[in-house]
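Note that the protein sequences, when read in sequence, are chains A and B. Residue 315 in my numbering sits at position 315 of the first sequence, with consecutive numbering throughout. Residue 531 in my numbering sits at position 107 of the second sequence, with consecutive numbering throughout.
Hint data in this document are derived by calculation from the structure and do not stem from the laboratory. Please note: incorrect hints may appear among the correct ones.
Said to hold, decoys possible - With a straight-line Cα cutoff of 35 Å, these simulated DSBU-like cross-link-like pairs (lysine-lysine) come out:
| id | chain 1 | residue 1 | chain 2 | residue 2 |
| --- | --- | --- | --- | --- |
| 1 | A | LYS203 | A | LYS132 |
| 2 | A | LYS215 | A | LYS132 |
| 3 | B | LYS509 | A | LYS132 |
| 4 | A | LYS132 | A | LYS388 |
| 5 | B | LYS469 | A | LYS265 |
| 6 | A | LYS203 | A | LYS75 |
| 7 | A | LYS388 | A | LYS265 |
| 8 | A | LYS2 | B | LYS469 |
| 9 | A | LYS132 | A | LYS2 |
| 10 | A | LYS132 | A | LYS423 |
| 11 | A | LYS75 | A | LYS312 |
| 12 | B | LYS579 | A | LYS265 |
| 13 | A | LYS312 | A | LYS215 |
| 14 | A | LYS290 | A | LYS75 |
| 15 | A | LYS75 | A | LYS2 |
| 16 | B | LYS469 | A | LYS394 |
| 17 | A | LYS290 | A | LYS215 |
| 18 | A | LYS423 | B | LYS579 |
| 19 | A | LYS388 | B | LYS469 |
| 20 | B | LYS509 | B | LYS579 |
| 21 | A | LYS423 | B | LYS469 |
| 22 | A | LYS203 | A | LYS2 |
Unchecked claim - Covered stretches of chain A, going by a simulated chain B footprint (3 or more residues, C-beta under 8 Å):
| id | segment |
| --- | --- |
| 23 | 47 to 55 |
| 24 | 76 to 88 |
| 25 | 345 to 354 |
Claimed, not checked - Just a few of them, taken from the derived set where beta-carbon distance is under 10 Å, the chain B residues facing chain A:
| id | residue |
| --- | --- |
| 26 | GLY451 |
| 27 | TYR462 |
| 28 | ALA466 |
| 29 | SER475 |
| 30 | VAL491 |
| 31 | ILE499 |
| 32 | SER526 |
| 33 | ARG543 |
| 34 | PRO561 |
The model shown is predicted, which means the values in this text are computed figures rather than measured ones. No residue lacks a Cβ here, since even glycine has one placed at the ideal position from N, Cα and C.
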Amino acid sequence: MKLITILVVMFALLLASLPVAFSLGSLGLGMLLAEGFSPLMAPQAILSTLDGFILLAVPLFLLMSNVLLYGGCGKDLYSAVQAWVGHWPGGLAIATIVSCGIFAAISGVSVATAATIGVVAIPEMISRGYNKNFVYGLLAAGGTLGILIPPSLPMIVYGFITEESVISLFLAGIGPGIFLIGLFIIYSIIYAHLFGGYTPTEKASWEDRLKHSIKVAPTIALAALVLGGIYSGVFTPTEAAAIGFALSIILTVFIMRSLSFENFKRSIFEAMVITAAILIIIAGAKIFGKAITLYRIPQDISQLIQTYVDSKTVFIIVVCIVLIAMGLVFETLSMVLIMVPVLLPAAMGMGIDPIWFGIFMVVMVECALITPPVGLNLYVIQSVANVKLGEVAKGVLPFLLLMLFTVAVMYVWPDLVLYIPFKL
Amino acid sequence: MRTFIDLFERVTLLLAWFAAWLFVASGLMLSYEVVARYFFIAPTKWAAELSQLCLIYGTLLSLCWLVQHRRHIQINAVTSQLNDKWQRLFGICTMAILIWFSSFVTYYGWAIFHDSFERGRTTGSLLDLPAWLAEMPVPLFFALVGIQAGIEIFKLVTGEPIPSGGYE
């Protein structure tokens, strides 16, 4: 009964347009007061959230992404990939997915990936006659690669709270990331064959390909440096984000000369807005998380699962259903923060590898990114394309199914996740 | 009242810009830390801690501006279907909840800050900064959020246009 009341109040607050952060925070505070717990926990939770060094990577990755975005790197990247694959059936869609994959290797944030590539790809694809819903769905889903392909903020948070190796998590994300890119590409080719309706682009000359590739080489080098630095232990993920930001300024201001001071100011202001919006949600989720923990709701759920579920397969299916339901209203990092402490002990009790479980969580929170009403990527694409949320939501369903298929493959063939970090 | 609102909103814009530059500063400080560590073999003792303070201040400084411009992440799917009168009514209710929440965070956040200040508690890190430096912005800027929410209620009641906001 308590759980139902909490869910009803949460939905009421969210649907009344109270910001997600304050919906979770107010509900958490109300729950603390109702049972006589100290409200001191609310400001403490806000402080402890903002006091995490790892979360400093959020504004820094966003700053780097925005500087590259306003510096026109998304356009260059898209043009380069388009020069290579644009003439294939569904070539622009493939270029979009590959560009998302490459940008994901720089940003670590799904919203930035969706926004950076979306700004360039949406008008280009729509002008070429691609179905609008397909385009919006492709970009919203392609953006989610940002958190699966390392560096990834949810993986960092997962590693932090479970004390698992972040590097192993990063390596484990590569296999499913490439697999998902492959699935999106195959779907796009099939979609293009079946539904057509677009104007094919002409095959680029070798000279054009070379010209575009040279132009985008520094951006690829930046991605390689950020990832290489983290893997080799030269710097922490937060420092990697800082170095990436500094180098992105050098790249766009001094080498490419494509970032004006006005655009730089815009890029940092937008990064600040998104950072504050995301971090305050994490803080609100932490207050809510504390309250539900004191109400023993996660423990009750965990015990319920362990009592009634004795098969690994059923457990994963149940967790998938729970995470999909949670993903309707929760932001990605909040989901990781709230659900991992509840689910991981039960998962490990069933012999599930914690690194595998981490990647499974990330793919599931990717699904949450594109499921309404709280699917951040839907809002990003809505904002970039200036269309209604419903139009974006319509296009994501096939991609959502492909992500769930990836989860099924990961379950049947765990080496898709575990081979690179442990067996290569 | 209008003069006060204009002045307050000018201050919140300044705070938001300051927040943006604080994030830039944190990036540059950490970059310098890596360079100093590998090229000068002289790691700093201030970069990580000051960057952390930048994150705390930067996030909290910008909250007011986000409330004013409806840039917090929120779900408009239902309320956007309502007429202006009902949208204003919902807006007033949500801002009232925000005032309630901010009041609690301000009051109890102040208690945390005041306790650290009185006891002279420090971070215990290399820089050993006073702990209240990181704790002070919570009550301070949530108080401003409460005031901003009050201003938003005034604007909603007096019929001023509702910002469309949106997530970008």
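Here is how each hint holds up against the structure:
Between A:LYS203 and A:LYS132 the CA atoms are separated by roughly 24 Å; this keeps the pair inside 35 Å, and the hint holds. Between A:LYS215 and A:LYS132 the alpha-carbon distance is near 29 Å, which keeps this suggested pair within the 35 Å criterion. Restraint check: the Cα-Cα separation between B:LYS509 and A:LYS132 comes to about 33 Å, which is no more than 35 Å; the hinted pair holds. Of the pairs offered as hints, the one joining A:LYS132 and A:LYS388 holds, with about 12 Å between alpha carbons and a cut-off of 35 Å not exceeded.
A threshold of 35 Å between alpha carbons decides the hint, and for B:LYS469 with A:LYS265 the separation of about 29 Å falls inside it, so the pair holds. Restraint check for A:LYS203 and A:LYS75: the C-alpha separation of about 18 Å stays at or below 35 Å, so the hint holds. Note on A:LYS388 and A:LYS265: the hinted pairing holds, with a Cα-Cα distance of about 28 Å set against a maximum of 35 Å. For the given pair, A:LYS2 sits about 48 Å from B:LYS469 by alpha-carbon distance, which is inconsistent with the 35 Å threshold.
Simply put, A:LYS132 and A:LYS2 have alpha-carbon atoms about 43 Å apart, too far for the 35 Å limit, and the pair is violated. Only pairs whose Cα atoms come within 35 Å are accepted, and A:LYS132 paired with A:LYS423 is rejected, the gap being roughly 42 Å. Taking the CA atoms of A:LYS75 and A:LYS312, the gap is about 45 Å. The hint is violated against a cut of 35 Å. Distance hint between B:LYS579 and A:LYS265 is fulfilled; the C-alpha atoms sit about 29 Å from each other, no more than 35 Å.
Among the hinted pairs, A:LYS312 with A:LYS215 is inconsistent with the structure: their alpha-carbon atoms are about 49 Å apart, more than 35 Å. A C-alpha spacing of about 43 Å is found between A:LYS290 and A:LYS75, which places the hinted pair above 35 Å, so the restraint is violated. Between A:LYS75 and A:LYS2 the alpha-carbon distance is near 51 Å, which puts this suggested pair outside the 35 Å criterion. This hinted pair does not check out: B:LYS469 and A:LYS394 have alpha carbons roughly 51 Å apart, beyond 35 Å.
Proposed proximity of A:LYS290 and A:LYS215 is contradicted: the alpha carbons are some 49 Å apart, above 35 Å. Distance hint between A:LYS423 and B:LYS579 is unfulfilled; the C-alpha atoms sit about 62 Å from each other, more than 35 Å. For a cut-off of 35 Å, the pair hint linking A:LYS388 to B:LYS469 is broken: about 49 Å separates their Cα positions. With a CA separation close to 13 Å, the supplied pair B:LYS509 and B:LYS579 stays within the 35 Å bound.
Between A:LYS423 and B:LYS469 the alpha-carbon distance is near 39 Å, which puts this suggested pair outside the 35 Å criterion. For the hint linking A:LYS203 to A:LYS2, the alpha-carbon distance of about 61 Å lies beyond 35 Å, and the restraint is violated. Chain B is given as covering the segment 47 to 55 of chain A, and this holds because 5 residues of the stretch bring a CB closer than 8 Å to a CB of that chain, at least three being needed. With 0 residues having a beta carbon nearer than 8 Å to a beta carbon of chain B, the segment 76 to 88 of chain A misses the requirement of three or more and the stated coverage is violated.
Beta-carbon proximity to chain B at under 8 Å applies to 0 residues in the segment 345 to 354 of chain A; the threshold of 3 is not reached and the given coverage is violated. Interface restraint check: B:GLY451 against chain A, minimum CB-CB distance 4 Å, threshold 10 Å, status holds. Among the interface hints, the one on B:TYR462 holds; its C-beta lies about 7 Å from the nearest C-beta in chain A, closer than the 10 Å criterion. Taken as an interface hint, B:ALA466 does not check out: its beta carbon lies about 16 Å from the nearest beta carbon of chain A, beyond 10 Å.
Satisfaction of the interface hint for B:SER475 is found here, the shortest Cβ-Cβ separation to chain A being roughly 6 Å, below the 10 Å cut-off. Because the closest C-beta pair between B:VAL491 and chain A is about 8 Å apart, less than 10 Å, the hint holds. For B:ILE499, the interface hint holds, since its Cβ comes within 10 Å of a Cβ in chain A; the closest pair sits about 5 Å apart. Given hint, B:SER526 at the interface with chain A, holds; its Cβ is 9 Å from that chain's nearest Cβ, closer than 10 Å.
Taking 10 Å as the C-beta cut-off, the interface hint given for B:ARG543 is violated, the closest approach to chain A being about 16 Å. The criterion of a C-beta within 10 Å of any C-beta in chain A is met by B:PRO561, whose closest approach is roughly 9 Å, and the hint holds.
In this structure, the earlier hints numbered 8, 9, 10, 11, 13, 14, 15, 16, 17, 18, 19, 21, 22, 24, 25, 28 and 33 are contradicted, and the remaining ones agree with it.
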